[in-house]
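If you read the protein sequences in the order shown, they are chains V, U, L, Y and C.
Take the first sequence: its position 8, counting from 1, is numbered 7 in numbering that gives the first Met the number 0, and each next residue is one higher.
Take the second sequence: its position 55, counting from 1, is numbered 54 in numbering that gives the first Met the number 0, and each next residue is one higher.
Take the third sequence: its position 61, counting from 1, is numbered 60 in numbering that gives the first Met the number 0, and each next residue is one higher.
Take the fourth sequence: its position 15, counting from 1, is numbered 14 in numbering that gives the first Met the number 0, and each next residue is one higher.
Take the fifth sequence: its position 67, counting from 1, is numbered 66 in numbering that gives the first Met the number 0, and each next residue is one higher.
If you're looking for bench data, these hints aren't it; they were derived computationally from the structure.
Mixed in with the good hints, there may be bad ones.
Copies of the same chain look alike in the list, so a pair counts if it works inside one copy or between any two.
[What the hints assert, rightly or not] Calculated lysine to any residue pairs in the SDA-like style (CA-CA distance at most 20 Å, straight line):
hint, residue 1, residue 2
1, K38, Q13
2, K22, T87
3, K6, D70
4, K22, I80
5, K33, P69
6, K6, R17
7, K6, I50
8, K22, I36
9, K6, N34
10, K33, H67
11, K38, H67
12, K22, S83
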Amino acid sequence: MIIGIVKGTVVSTQKDERLVGSKLLIINQVDADKNVIGKDAVAVDLLGAGIGEYVLVCSGSSAKSLLHNPDVPIDMAIVGIIDSMERT
Amino acid sequence: MIIGIVKGTVVSTQKDERLVGSKLLIINQVDADKNVIGKDAVAVDLLGAGIGEYVLVCSGSSAKSLLHNPDVPIDMAIVGIIDSMERT
Amino acid sequence: MIIGIVKGTVVSTQKDERLVGSKLLIINQVDADKNVIGKDAVAVDLLGAGIGEYVLVCSGSSAKSLLHNPDVPIDMAIVGIIDSMERT
Amino acid sequence: MIIGIVKGTVVSTQKDERLVGSKLLIINQVDADKNVIGKDAVAVDLLGAGIGEYVLVCSGSSAKSLLHNPDVPIDMAIVGIIDSMERT
Amino acid sequence: MIIGIVKGTVVSTQKDERLVGSKLLIINQVDADKNVIGKDAVAVDLLGAGIGEYVLVCSGSSAKSLLHNPDVPIDMAIVGIIDSMERT
């Protein structure tokens, strides 16, 4: 997984029907010191993550597991809200 | 997912039979400020996205879900047409 | 998918038995203006693509679908021969 | 797989229920000479790897196999603790 | 797939039980002219590839197919030993 910061939202009315009701958040990858190191990407969120929060982001086909549906076309999902990180 | 802009089309007559009838669009990744940050790639489109539109693009094996077929050889699909993006 | 140009061939006698009979082509990613933008990679071809032809290349586990076999260890396949590309 | 060094830990209370009980470690990719060559990433650990240990890291949907569960949203797992590496 | 050169070995005693008995080789991606273009990575080998040999490497979840086991946590496998490459 990567560490991400929630930076914004995406609105899409005309979309695959399996994405209806899913919140779409703009994410930037950060390092453990909270420096942004990644480009804008879009993740599905079910945990209610807010702008500015640090989150754990799962990519690839594993992200489909978030929705308990092997047939949903998503490749990025927020799987945790981060309380703290400790790095040597 | 990434944010993409539709930049063009690809025509392929001789192709895997499961791709017959699929529209193939040239996509560039963009950031939330609509700056192009990615190279030309090709996505399958079922939503009728037009040149210049901003779209949500799913990559990897998750893209196969678009066609409701676990046996189709595609790795990139347009899963939404973006109405608006808001980024802090 | 990416756009590729066929640049050469690879010969491997000692290989996984499920790859026996598969043609292995060296591919370079190109943009829609046909500039090479990628490194040498190897794709399985069933369409009879020739050296110098532009092709549509599927990567990752989706490529396994080309061979109608969920148990074949390949991660790149040619899924179409490109007739034309139009990019704004 | 990549070679990684364990650099820290991530704590997340509010997370997908299938991640409850999984230890989350911050990993950096290294080369065989132990130079850090990758950015901070987060892997699930079941082997009890400690800070500073060199580990074998599996990425993508294959990482789900670690938990013997095809329905868990993880994309990075520690699959071995490295005793030694020899590189010419 | 990518073209790789075998550069070394990794020894791991404490590892996922499904990796017991698998030979782990350090691989570098090369181009068709045999220039090294990739970082150290680790692939499972069943073909008996030796140090200095050029090999065909499959990445991602497709690599699991090498072991005929959909439940093994590996993401890179040697699927062929290369006899010759020809590039225009």
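These are the hints, each one checked on the structure:
1. Taking the closest pair of Cα atoms, K38 and Q13 never come within 20 Å of each other, the shortest separation being 24 Å inside a single copy and 25 Å across copies.
2. Only between protomers do K22 and T87 lie at most 20 Å apart by alpha-carbon distance; the minimum there is 17 Å, versus 34 Å within a single protomer.
3. Neither within a single protomer nor between protomers do K6 and D70 lie at most 20 Å apart by alpha-carbon distance, with minima of 28 Å and 28 Å respectively.
4. In the homo-oligomer, the alpha carbons of K22 and I80 lie at most 20 Å apart both inside one protomer (15 Å) and across protomers (15 Å), since each shortest distance falls under that limit.
5. Taking identical chains as interchangeable, the C-alpha atoms of K33 and P69 are never at most 20 Å apart, the minima being 33 Å within one chain and 31 Å between chains.
6. Taking the closest pair of Cα atoms, K6 and R17 never come within 20 Å of each other, the shortest separation being 24 Å inside a single copy and 26 Å across copies.
7. In the homo-oligomer, the alpha carbons of K6 and I50 lie at most 20 Å apart inside one protomer (6 Å), although the nearest pairing across protomers, at 27 Å, exceeds that limit.
8. With identical chains, the CA atoms of K22 and I36 are never at most 20 Å apart, being 23 Å at best within one copy and 24 Å at best between copies.
9. In this homomeric assembly, K6 and N34 come within 20 Å of each other (Cα to Cα) both inside a single copy, at 13 Å, and across copies, at 16 Å.
10. Neither within a single protomer nor between protomers do K33 and H67 lie at most 20 Å apart by alpha-carbon distance, with minima of 30 Å and 32 Å respectively.
11. Proximity of K38 to H67 under the C-alpha cut-off of 20 Å is found in neither arrangement, the shortest distances being 27 Å within a copy and 30 Å between copies.
12. When the C-alpha separation of K22 and S83 is checked against a cutoff of 20 Å, the pair qualifies only between copies, where the shortest distance is 13 Å, while the shortest distance within a copy is 24 Å.
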